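A.B. asks: Residue numbers (the numbering used here), protein chains in the order written: chain A, 1 to 332; chain B, 333 to 631; chain C, 632 to 962.
The reader is advised that the hints may include incorrect statements.
What the hints assert, rightly or not - Where chain B lies over chain C, by a calculated footprint (3+ residues, C-beta under 8 Å): (1) 695 to 709; (2) 725 to 732; (3) 735 to 744; (4) 751 to 757.
Derived by calculation from the structure, the hints in this document are not laboratory data.
Nothing here was measured: the structure is a model prediction, and the numbers come from that model.
Idealized CB from N, CA, C, for every residue including glycine.
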Amino acid sequence: MTDTFLDVKGLTIDIPVGGGTLHAVRGIDFELKRGEVLCIVGESGSGKSLTSLALMGLLGRRIKVRAERMDFDGTALLDASPRQMRSLRGARMSMIFQEPMTSLNPAYTIGDQLMEAMLLHRDVSRAEARARAVDLLEKVGITAAASRLGQYPHQLSGGLRQRVMIAMALMCGPELIIADEPTTALDVTIQAQILRLLVDLVREMGMAMILITHDLGVVARVADKVAVMYAGELVETGLAADVFRAPMHPYTRGLLRCIPQPGKSRRGEPLGTIRGIVPSLVGEVSGCVFRTRCDEAVAACRGTIPQHWPGDGHAFRCVHASGARIAEQEGA
Amino acid sequence: MANTTVDPLLEEIIGPTPGQLLRKRVFGHQGLMIGAVVLVLITLVALFAPQLAPHDPYAQSLVARMKPPVFLGGTWEHPLGTDHLGRDYLSRLIYGARVSLMIGAIAAAISGVIGTAMGVAAGYFGGRVDAVVTFLINVRLAMPVVLVALAVVAILGGSLTVVIMVLGFLLWDRFAVVMRASTRQVREREYVAAARAIGASTPRLLLTEIMPNILNNLIVVVTLEMAHAILLEAALSFLGLGVQPPTPSWGLMVSEGKNMMLFEPWLVLIPGAVLFVMVLAINLMGDGLRDVTAPENRN
Amino acid sequence: MLDAAKTPPALELRNITKTYTVKQGLIGKRRPLTAVRDVSLKLEKGEVLGLVGESGCGKSTLAKILLGLEPPTSGEVLVDGQALGVQDRLALARRIQPIFQDPYSSLNPRKSIADIVSLPLRIHGIGDAASQQKAVRDMLDVVGLPPRVMNTFPSQMSGGQRQRVAIARALIMKPEIVICDEPTSALDVSVQSQILNLLGDLRAEFGLTYLFISHNLAVVEHLATRVAVMYLGRIVEDVSSDDLFDASAHPYTQALLQSVLTPEPGLGVPDTQLGMAYPNPIDPPSGCGFHPRCRHATNLCSAQAPRPVPHRDGHVECHLHDPETAMFGTD
Ligand SMILES: Nc1ncnc2c1ncn2[C@@H]1O[C@H](COP(=O)(O)OP(=O)(O)O)[C@@H](O)[C@H]1O
Ligand SMILES: Nc1ncnc2c1ncn2[C@@H]1O[C@H](COP(=O)(O)OP(=O)(O)O)[C@@H](O)[C@H]1O
Ligand SMILES: [Mg+2]
Ligand SMILES: [Mg+2]
Numbered sequence: 001m002t003d004t005f006l007d008v009k010g011l012t013i014d015i016p017v018g019g020g021t022l023h024a025v026r027g028i029d030f031e032l033k034r035g036e037v038l039c040i041v042g043e044s045g046s047g048k049s050l051t052s053l054a055l056m057g058l059l060g061r062r063i064k065v066r067a068e069r070m071d072f073d074g075t076a077l078l079d080a081s082p083r084q085m086r087s088l089r090g091a092r093m094s095m096i097f098q099e100p101m102t103s104l105n106p107a108y109t110i111g112d113q114l115m116e117a118m119l120l121h122r123d124v125s126r127a128e129a130r131a132r133a134v135d136l137l138e139k140v141g142i143t144a145a146a147s148r149l150g151q152y153p154h155q156l157s158g159g160l161r162q163r164v165m166i167a168m169a170l171m172c173g174p175e176l177i178i179a180d181e182p183t184t185a186l187d188v189t190i191q192a193q194i195l196r197l198l199v200d201l202v203r204e205m206g207m208a209m210i211l212i213t214h215d216l217g218v219v220a221r222v223a224d225k226v227a228v229m230y231a232g233e234l235v236e237t238g239l240a241a242d243v244f245r246a247p248m249h250p251y252t253r254g255l256l257r258c259i260p261q262p263g264k265s266r267r268g269e270p271l272g273t274i275r276g277i278v279p280s281l282v283g284e285v286s287g288c289v290f291r292t293r294c295d296e297a298v299a300a301c302r303g304t305i306p307q308h309w310p311g312d313g314h315a316f317r318c319v320h321a322s323g324a325r326i327a328e329q330e331g332a
Numbered sequence: 333m334a335n336t337t338v339d340p341l342l343e344e345i346i347g348p349t350p351g352q353l354l355r356k357r358v359f360g361h362q363g364l365m366i367g368a369v370v371l372v373l374i375t376l377v378a379l380f381a382p383q384l385a386p387h388d389p390y391a392q393s394l395v396a397r398m399k400p401p402v403f404l405g406g407t408w409e410h411p412l413g414t415d416h417l418g419r420d421y422l423s424r425l426i427y428g429a430r431v432s433l434m435i436g437a438i439a440a441a442i443s444g445v446i447g448t449a450m451g452v453a454a455g456y457f458g459g460r461v462d463a464v465v466t467f468l469i470n471v472r473l474a475m476p477v478v479l480v481a482l483a484v485v486a487i488l489g490g491s492l493t494v495v496i497m498v499l500g501f502l503l504w505d506r507f508a509v510v511m512r513a514s515t516r517q518v519r520e521r522e523y524v525a526a527a528r529a530i531g532a533s534t535p536r537l538l539l540t541e542i543m544p545n546i547l548n549n550l551i552v553v554v555t556l557e558m559a560h561a562i563l564l565e566a567a568l569s570f571l572g573l574g575v576q577p578p579t580p581s582w583g584l585m586v587s588e589g590k591n592m593m594l595f596e597p598w599l600v601l602i603p604g605a606v607l608f609v610m611v612l613a614i615n616l617m618g619d620g621l622r623d624v625t626a627p628e629n630r631n
Numbered sequence: 632m633l634d635a636a637k638t639p640p641a642l643e644l645r646n647i648t649k650t651y652t653v654k655q656g657l658i659g660k661r662r663p664l665t666a667v668r669d670v671s672l673k674l675e676k677g678e679v680l681g682l683v684g685e686s687g688c689g690k691s692t693l694a695k696i697l698l699g700l701e702p703p704t705s706g707e708v709l710v711d712g713q714a715l716g717v718q719d720r721l722a723l724a725r726r727i728q729p730i731f732q733d734p735y736s737s738l739n740p741r742k743s744i745a746d747i748v749s750l751p752l753r754i755h756g757i758g759d760a761a762s763q764q765k766a767v768r769d770m771l772d773v774v775g776l777p778p779r780v781m782n783t784f785p786s787q788m789s790g791g792q793r794q795r796v797a798i799a800r801a802l803i804m805k806p807e808i809v810i811c812d813e814p815t816s817a818l819d820v821s822v823q824s825q826i827l828n829l830l831g832d833l834r835a836e837f838g839l840t841y842l843f844i845s846h847n848l849a850v851v852e853h854l855a856t857r858v859a860v861m862y863l864g865r866i867v868e869d870v871s872s873d874d875l876f877d878a879s880a881h882p883y884t885q886a887l888l889q890s891v892l893t894p895e896p897g898l899g900v901p902d903t904q905l906g907m908a909y910p911n912p913i914d915p916p917s918g919c920g921f922h923p924r925c926r927h928a929t930n931l932c933s934a935q936a937p938r939p940v941p942h943r944d945g946h947v948e949c950h951l952h953d954p955e956t957a958m959f960g961t962d
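When you get a sec, could you build the whole thing from the sequences and use the hints?
C.D. replies: Here it is as structure tokens:
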């Protein structure tokens, strides 16, 4: 397929820790076409940030990243030299982080930080970079953009800072944007605005986006494709429409039940929960990692877990082949 | 790894207690361990000076003046030789450890109490208290320590007590600055608000909620100021305004040896070297403590 | 009805204003910041009042005033009809307890869980060491923690567990009122639902009254019987939860409702039409504080602050809904 421009197969991330190896990410596969939005969703600690940092080549040498394949538009990211990676980062792929305050440098003006990547990667004059910065700030909805260039990050509100981060990520016209929980630290009202902005920009500029979140509400509204991640594995993947219409994996269904929905979930009625927490991944990990928290766990969950394809491109890993049984019950 | 049956609840308590974690970090920190071992040795030497010293540090002997140490051809009678009055250099060095440690510890304790009280009060109460303390800190920082100490000692006359007092009352500035900043930080933590909402009194808040959480910074400053005081004492004694002869202080020994430095350099080098080792050990320990007591908050 | 008139509300705010003085920049001059502006609010016994609004609108300030942690600049707080100033601090602490947002900063990292949960008992001198230990064990059981966590430290726990500890500490003295200041905002959705369920169960079990603060209307709506919407230091709408969906009036309430992202694919991200004008409490807009972000704003809105008018069984502050000014607003 020529238009699959990000192709990841068997991505594995191991972290040596005191007393063993933390198998933080274990053999995950996904692919992305231009113009698509892929959402990776899962609780904190499931390895979402590590995955995105691995794609950007930003993990330290201590952390071992392996993959059968990790290609960005024909470039094998794992074999790329540090120089090649640097010329990709910020230019053709860029990242937006959760906490805009810590990812903006408090000592430099917004303008300097916006222009930096462009001056580094593209052969442009300062005036041109500046013009682009103003242009993009306006595009992300910041008024009086030219006068903002001289401001420092602390002079902006959280929502504005996140817009600046987005503008910064767009400076060089990247083909891929990785947004790691870009709205988790923001108010819901601001979250809606920022997500809308991101989706519009991705469509307009024909970029691809990987959006990382722990909120299925966000996923439902922005994703073309969903990858549900649990404890370092993708337990369910597919088109957003399919996954939300018929969630198959008990974890996906559990996450959906947790969300309070005004007007839908009855007030005062208990919400669904997933008991326990993400298990420790130090040492050998075998069988289904979700079995310790799963209400449908059986003895077979300790063995090899088969993968099922309930639909075109919709896949999940579970010993229960017909997760649909329970999904229908719940839909009723 | 023991990964047989996983009890989901058991797994939820993660990792060692802060105490265990601290122990592991302390014993895994080379600099801290080296500094601590050296300091413990020096302290033991100081404590058991009467038992360890081969001679009376004050006993003069005009026939045995300026004997060289063994490694320069001296005898084992005086392993580090003797000074210009024929006093055993090793014994004086051993007793000198007492003086240095005492000055360091007491001066750091006095300034620690003053500085911590001021800093914690300023950080916790803010407002006018903070303004006053900040002013006092600035006044103190504007005074050159050595010159003020010299002036006071010159007026009051040098003695161990005067030196300790002067240093104790001069070196509180770093305590105040650091404690003020850490208190301001900790005061904003929600557990302090929670304790207030429970009805805890202010002294209780300061003692049980604030102090334990700024203690790590305090310990680091204590080590730094101890080293600072020891060096200042040496400087004062060297200038003849510190501890008065015949008290064996390392600074004084350097001072007394300086006249003979060209002919008998070891008279200066030996006390200089132990001073250097001791200050280095204290600083290694301070740095190490700063590393290992970084807040337990993981993630 | 008669009875209700006799029992005073568990907690009442009368014309509370809180003004801080802030310094802008290094050499900036001191300026007043009004975090809470003439707010009156009642918390009836046994109800769950949700307080919702964007960060910086003054929710936590209000909570601190209720807890007696900050004195109001003006106005009074009444507990069971009695002025807060009159009540003894310790007596107040027995009746009102907080649960805070950040489970990583609300527990003292140097203390064991047993110490943290038993602190209220020790401060109030309730029982001896043995009975305190037993009370702690029972309370931990109530919030769903096994007794063996007693000797562990906060750093050994997950965010959800820490929040359970904070709840145990708040409830160990059997208070009547619990002020929950964004208790789930720092948690994963899966853990949030556990904590919300727990808070719901505890309310039933102990007959608690909650003030539940959040910036997420979906979370507030799930627990609350009544919702107060706060904007820039004012309660702009006060509505019963049953009316929230169909009959809430204020444009800001509607924007908050809209911005809740339910997991329904195909709907896309809603357009809240809130615009970019973020409110700055140091320099509040003239007239209605919300007018720069309001799609219905008229000249009147920037000129004159709306007054509270009754709406259903609550009130709303909006010119659109004030019969006297609505006619000017709609043309
Ligand atoms: N540098 C690191 N050293 C050790 N463990 C790490 C490191 N980075 C992440 N981890 C661990 O890897 C797991 C996955 O982390 P992360 O990718 O940040 O999760 P997520 O983004 O999904 O919340 C967690 O258990 C985390 O503690
Ligand atoms: N101690 C304080 N000093 C100065 N300003 C404060 C203080 N506490 C809160 N504020 C200001 O008051 C406003 C309301 O804050 P807060 O009550 O914390 O809002 P919320 O809880 O709704 O996010 C904010 O603008 C905040 O900056
Ligand atoms: Mg993350
Ligand atoms: Mg708040």
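A.B. asks: What hints, given by number in increasing order, does this structure fail?
C.D. replies: none
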